[in-house]
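Protein chains in written order, with my numbering: chain D, 8 to 298; chain S, 12 to 350.
Read the hints as simulated data drawn from the structure, not as lab findings. Wrong hints could be hidden among the right ones.
[To be verified] In the SDA-like style, the derived pairs of lysine to any residue whose C-alpha atoms are separated by at most 25 Å in a straight line are:
(1) Lys-171(D) / Glu-275(S)
(2) Lys-263(D) / Tyr-148(S)
(3) Lys-10(D) / Val-216(S)
(4) Lys-143(S) / Glu-265(D)
[Said to hold, decoys possible] A few chain D residues that don't get close to chain S, going by computed Cβ distances all over 10 Å:
(5) Ile-46
(6) Gly-100
(7) Thr-169
(8) Arg-201
(9) Lys-210
(10) Ala-221
(11) Phe-228
(12) Pro-233
Note that CB positions come from ideal geometry on N, CA and C, so glycine has one too.
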Amino acid sequence: MKKVTKIVVMAKQVPDTRNVGKDAMTPEGTVNRAALAAIFNPEDLNALEMALQMKDRMEGAQVYVLTMGPQRAADVIREAMWRGADGGYLLSGKEFAGSDTLATSYALSCALRKIEPDIVVAGRQAIDGDTAQVGPQVAQKLDLPQVTYAEELIDICDTEITIKRRLERGSEVVVSPLPAVITVNASAKECRPRNAKRVMKYKYALATSELAVATEDRKAFIEERPYLHIIEFAAADVNPDPEQLGLSGSPTKVKKIENVVFQAKEAKKLTADDKDIESLMQELIASHTLG
Amino acid sequence: MNNVFVYIEIEEQQIADVSLELLTKGRELANTLGVKLEAVVAGKSVKHLAAELAKYGADTVWVAEDEIFAPFRTLPHTAIMVGLIEQEKPQIALFGATPVGRDFAPRVSSALHSGLTADCTELVIGEHKDAKTGKEYDSLLYQIRPAFGGNIIATIVNPECRPQMATVREGVMRKEELATPAAGEIREIEWQKMVKDTDLAVRIVERHIEERKINIKGASIIVAGGYGVGSKEGFKLVHELADVLGGEVGASRAAVDAGFTEHERQIGQTGVTVRPKLYIACGISGQIQHTAGMDGSAMIVSINTDPEAPINKIADYAITGSVEEVIPKMIKYYKQNSK
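Work out the full structure, taking the sequences as your base and the hints as a guide.
Now the structure itself:
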């Protein structure tokens with residue numbers, strides 16, 4: 008029987024869309040990520056926690072983070088290591104630029120074929136797109152069952168996993184054979200915080216391309232400590248069909264982007280004074296909007 | 012061939028509202044394109060729903076009846092949707108942006124290698140010229156959605172791959188019965204050929220469905236709180252005003268994310284769309300993410316400490332003041348004047 012040894016969390020570094028400035032979009036309508044603060048996608052942290060819980064229950068299992076993005080996305084992997092992950096993979100290359108969800112899922116599925124995980128865990132959706140498509144699409148491409156909106160890990164053994172899922176109005180408990188793809192809801196347990204010892208241990212972890220430009224001292228330091236080397240895959244390393252990557256692999260095209268402009272209409276300006284509020288309530292009652 | 016498909020979602024033996032809303036929109040798209048509208052429904056017993064689906068415009072009702080289809084599980088529903096789309100080759104396929112639609116529509120799109128646009132707020136047919144190849148298209152589906160935290164509105168097209176797939180949230184489109192029902196001709200999906208044994212590998216061992224407690228969609232008065240309400244305690248004021256006026260409490264995403272109130276109350280692109288008679292926005296700044304779900308309200312009153320808050324641009328009355336100060340006064344003067 009195959010033992011569960013490798014749990015992979017798909018995590019995304021996302022622009023903090025709650026704080027968007029003017030230069031957030033390029034003229035082509037894609038996101039200008041450089042102009043925005045980059046954060047660990049919130050639901051991917053819930054996913055990391057669930058993966059770590061699986062590890063806690065499965066002797067010998069290890070948790071790795073897979074992320075696709077530019078070099079600085081390695082921050083997500085380091086953050087995960089500080090919280091309990093054993094290592095990570097950065098999938099990076101200009102071939103991936105302009106990917107829609109389908110091309111993204113394809114690229115990630117190519118990397119996962121190479122990594123050969125026993126379980127894949129991901130956040131339900133990323134805050135920069137809110138599509139919730141990548142998890143199910145990766146599952147389809149790997150021909151694995153999927154369990155979405157996972158809220159609680161009930162049980163796990165080498166052959167199957169029992170998960171409580173959040174539904175729109177209620178919940179259900181499902182049992183899925185392994186391997187499987189699990190997407191985790193924000194209502195699941197919050198991620199454990201950074202661990203001081205782990206921060207010390209993994210502080211200097213670097214991805215391959217970061218290592219290439221590091222000082223000689225740092226290079227020597229990491230060479231002696233292979234666990235500090237974040238594996239980096241370029242497109243060619245994961246044997247993709249180039250036609251299915253990036254813009255050419257994306258069936259959806261952005262036709263038009265409009266900045267949001269409100270049609271200004273004359274709002275009647277009121278103060279918080281008693282007479283203003285009283286006359287408003289009188290008007291609303293008189294017009295039968297109220298009552 | 013080339014028709015418009017709508018996946019019909021069954022919720023506790025009933026047709027989900029979002030599916031009827033999509034049929035109404037699908038009927039309009041099919042008329043524009045001069046093609047048929049086809050509904051696809053799978054469950055334990057679903058044939059009797061055909062008449063209802065016909066009222067909302069379904070020319071054809073594809074059915075798969077078996078216990079394996081209820082309650083919903085991803086893989087069997089994916090198998091029949093993919094199988095039927097490959098067989099019938101529709102040009103458009105629409106799904107509700109519900110937990111069910113958002114679970115399996117991406118899987119269907121991946122299996123068919125076609126694009127899927129999530130949470131569209133508008134769907135229209137239009138022409139398109141590809142900037143790179145110069146190729147022209149007569150009638151593509153414009154899939155329009157707020158993107159990037161609601162800071163922009165994007166129009167997405169899917170020029171080459173079919174079907175063009177989109178999900179739409181409940182309440183975004185209007186549902187409307189036709190004066191004369193469409194044919195609603197029942198056709199059987201040959202699901203036995205499409206569903207494999209491995210599609211049944213995930214088992215549901217327990218299921219709890221709660222009654223819908225909160226019904227903001229149907230409320231004619233909504234008092235909604237935003238991040239500016241400040242706390243869970245602050246939301247009590249919002250509830251008080253809603254109770255006095257006989258309305259429901261809504262919330263912006265920021266307020267829900269901050270834990271001030273339940274997710275079921277969230278209004279906006281990633282929540283519910285509402286069109287009440289009166290919408291009182293308390294401490295809501297008015298990002299498009301939110302306004303997309305409420306700008307159809309007949310009257311909008313905003314309470315905000317910032318006179319320049321974007322919500323004031325769509326408000327009929329903009330009160331500059333704090334929620335703590337204004338709400339108690341509204342309650343007081345409503346009570347004094349309402350008899």
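Quick check: which numbered hints come out false for this structure? Hint check: 7 fails alone, others pass.
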